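Peer 1: Spelled out from the first residue to the last, the chains are:
Number of protein chains: 2
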Amino acid sequence: MAKIAVLGYGVVGSGTVEVIEKNKKSLTEKAGQEIEVKYILDLRDFPDSPYKDKFIKDFNIILNDPEISVVVEVIGGIKPSYDFVKSSLLAGKSVVTSNKELVAQKGAELLKIAHEKKVNFFFEASVGGGIPIIRPLHQCLSANRIDEIAGILNGTTNFILTKMIRDNMPFDEALRTAQELGYAERDPSADVNGIDACRKICILASLAFGKHVYPDKIHTEGISAITPEDVEYCESFGGSIKLIGWASREDGGKVAVMVCPAFISEDSQLAGVNDVFNAILVRGDSTGDVVFYGKGAGKLPTASAVVADVVIAVKMSSSSISLYWEDSDQSFIEDEKNITLQSYIRTVNVDKNTVEKLFGEVEYLSRKGAPDNELAFITAALSENEYDKKLSSLGNNVLGRIRVLNY
Amino acid sequence: MAKIAVLGYGVVGSGTVEVIEKNKKSLTEKAGQEIEVKYILDLRDFPDSPYKDKFIKDFNIILNDPEISVVVEVIGGIKPSYDFVKSSLLAGKSVVTSNKELVAQKGAELLKIAHEKKVNFFFEASVGGGIPIIRPLHQCLSANRIDEIAGILNGTTNFILTKMIRDNMPFDEALRTAQELGYAERDPSADVNGIDACRKICILASLAFGKHVYPDKIHTEGISAITPEDVEYCESFGGSIKLIGWASREDGGKVAVMVCPAFISEDSQLAGVNDVFNAILVRGDSTGDVVFYGKGAGKLPTASAVVADVVIAVKMSSSSISLYWEDSDQSFIEDEKNITLQSYIRTVNVDKNTVEKLFGEVEYLSRKGAPDNELAFITAALSENEYDKKLSSLGNNVLGRIRVLNY
Chain A
1 MAKIAVLGYG
11 VVGSGTVEVI
21 EKNKKSLTEK
31 AGQEIEVKYI
41 LDLRDFPDSP
51 YKDKFIKDFN
61 IILNDPEISV
71 VVEVIGGIKP
81 SYDFVKSSLL
91 AGKSVVTSNK
101 ELVAQKGAEL
111 LKIAHEKKVN
121 FFFEASVGGG
131 IPIIRPLHQC
141 LSANRIDEIA
151 GILNGTTNFI
161 LTKMIRDNMP
171 FDEALRTAQE
181 LGYAERDPSA
191 DVNGIDACRK
201 ICILASLAFG
211 KHVYPDKIHT
221 EGISAITPED
231 VEYCESFGGS
241 IKLIGWASRE
251 DGGKVAVMVC
261 PAFISEDSQL
271 AGVNDVFNAI
281 LVRGDSTGDV
291 VFYGKGAGKL
301 PTASAVVADV
311 VIAVKMSSSS
321 ISLYWEDSDQ
331 SFIEDEKNIT
341 LQSYIRTVNV
351 DKNTVEKLFG
361 EVEYLSRKGA
371 PDNELAFITA
381 ALSENEYDKK
391 LSSLGNNVLG
401 RIRVLNY
Chain B
1 MAKIAVLGYG
11 VVGSGTVEVI
21 EKNKKSLTEK
31 AGQEIEVKYI
41 LDLRDFPDSP
51 YKDKFIKDFN
61 IILNDPEISV
71 VVEVIGGIKP
81 SYDFVKSSLL
91 AGKSVVTSNK
101 ELVAQKGAEL
111 LKIAHEKKVN
121 FFFEASVGGG
131 IPIIRPLHQC
141 LSANRIDEIA
151 GILNGTTNFI
161 LTKMIRDNMP
171 FDEALRTAQE
181 LGYAERDPSA
191 DVNGIDACRK
201 ICILASLAFG
211 KHVYPDKIHT
221 EGISAITPED
231 VEYCESFGGS
241 IKLIGWASRE
251 DGGKVAVMVC
261 PAFISEDSQL
271 AGVNDVFNAI
281 LVRGDSTGDV
291 VFYGKGAGKL
301 PTASAVVADV
311 VIAVKMSSSS
321 ISLYWEDSDQ
331 SFIEDEKNIT
341 LQSYIRTVNV
351 DKNTVEKLFG
361 EVEYLSRKGA
371 PDNELAFITA
381 ALSENEYDKK
391 LSSLGNNVLG
401 RIRVLNY
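Going line by line, the protein sequences match chains A and B.
For the first sequence, this note's numbering gives the first residue as 1, with consecutive numbering after it.
For the second sequence, this note's numbering gives the first residue as 1, with consecutive numbering after it.
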């Protein structure tokens, strides 16, 4: 019998306990022994819960109980999660977490401790909810050199963009709809501004390239500046606007990482990913493009990923898996100003002569009802530095710019 | 240093050696030790190969060499692969194979031997080429009850169908094009008749439901009877025709398994899978729909899946993984005559009165230039038994029937 503790009885925590109880028989078979939730740590009281005898408020009970071999951290955030996870690992307990902020901020350090203590630190649920991606990326693609990763990593923004595209809603209205349906929080900034997607691409990039990528070093743009006009132009371009977290191995060994809204061609496997769904494209030198698709959030999908990690942690109790990346000073991250991409640009009161003098040959886009003084076009690939210079020369006449990504 | 032997130096075998050599450094890190190909078994001579010193013709050298811990079987077919794999496992060597025929026919027996000998029998490359599916299905989704699996499992037929749909080619012409491009073999029957897809869905279903599903018990239809008219009607239905291998848990505990061409709605994540690509949809009770997409065949994608298995076999050399299913008398497989689905039916010289008397309310489809005496329609869900009866009453007036699947 393997005894585990669940830290946090919120949405994912209660889902984790529910999935373990519901699938007890098959989990026992797969783990090689029964898995019992011995403690649930939460500051709140749950007097009506069927598990009310398991609730405790003092983490030290868990830490000092040698019977607990696996700790599940589903509190979220850095405090107190980081202390709980670190001391659990130092005490020789494996940890499973769904906490993307923790992994994105502290992954290298926690993996190192796990490695030294010969226990496991697993976080399948931190990216893509119920979509298996961390373990396939690590194990199944181990015979590839990963060249690029690009994902629709945040369901809330994808839902909002889908509403803007399908129902011609402006951003504010689409956000309100998402909030009414419970897909966006009252304070939606972490989703809408790309922060959540940034944490996730940092985790994936760290794993793929073997060195920790910290979120605060990554250029991150959200979707709040996207207009219905941009959506129309993207349609005439033959694509969809998606919020993409991406990381790409460059010639010379550096890695470019960015979170930004992007024009994606309709032919892309990411273009058809709508509503709250997530998809992650992994481009390997041997395998080509592989895409993983599914629900990126939600109680049971995320909990099922947590429980799958628990099963493996229990089964592998005597050995640590090679999931690992090094800490890093970020010198391998390409300066964002050197990142070179095509862009869609929308201008007002700029004539074609000026456009072509600045950008050379461009592809003009059209939309119904555009005023005569509006121009929208796709540029050749330029560095961010070059865009800065050229666009500043146009001043307030630039109404919008969205990058074009080739996934 | 882990020493391995590769049986068969065809497309996948040579790719396997190439991938191991190319990624030596990262593989060593991931496996925890260097991996060396000590022997390559092939009856042919390769005097110009850089690996010419490794070639042998006598399998017993491998079998009797205690240094060989992992045997890679990429010969294909049952003879002599089955004997080689079985005796390798019995000798305490782990086996990695890409051989879907072998796994679909002999999987339960070989897994049992591997289990008893505490070695591993891995076959990630047998389904979906470079797409990670076997291990994610087994490990990452272990906290789910898998309810359904449906996949576009054969790239050749998907290429032919894509040509028929996009370029309005009849089947014969699309097949010839596939052959010219090297996507179809000279004798294309195993692909075109659904036999290859059947082997793959049997492997996935065996894994998902824990009991061996044998191909010869599974209703298998190919794509050679599909006409350009069917393609047009499917378009007016709002979908695409795809060859789908599917398995579904039914009320009462039986499992329905079938390979058939099917109308798939454009909204489905399987509808946008074109050309030689594969995709596999897994429907779990907790995780909802998860889809895995990528190249289902090809030298390097398949070889990279083989090598990833080798890495895990080397790393896990002291323990066997719980990948397993039982043998079975097939009594858990639903009788195909009881499988109940909607269908598209195309008739000639049948009036609407007769159609509605037989099938009740139907949804009529239209196509440009259809003769006046043609009717095409979608029925309500009926069992195969009921279709047999109703369609036989229409005799030769039935021009085609294609099932409608809801994935």
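What the hints contain is simulated information worked out from the structure, not anything from laboratory work.
Quantities reported herein were computed from a predicted structural model and do not represent experimental measurements.
A hint or two may mislead.
Treat identical chains as interchangeable: a pair holds within one or across any two.
[Unchecked claim] Below, computed lysine-lysine pairings styled on BS3-like, alpha-carbon distance capped at 25 angstroms:
id	residue 1	residue 2
1	52	22
2	25	118
3	217	106
4	117	315
5	22	211
Peer 1: Determine for every hint whether it applies to the structure shown.
Peer 2: Against the structure, the hints:
no.: 1; hint: 52 to 22; result: within (17 angstroms within a copy, 55 angstroms between copies)
no.: 2; hint: 25 to 118; result: between (28 angstroms within a copy, 23 angstroms between copies)
no.: 3; hint: 217 to 106; result: within (14 angstroms within a copy, 52 angstroms between copies)
no.: 4; hint: 117 to 315; result: both (17 angstroms within a copy, 18 angstroms between copies)
no.: 5; hint: 22 to 211; result: between (38 angstroms within a copy, 21 angstroms between copies)
In summary, this structure violates none of the numbered hints.
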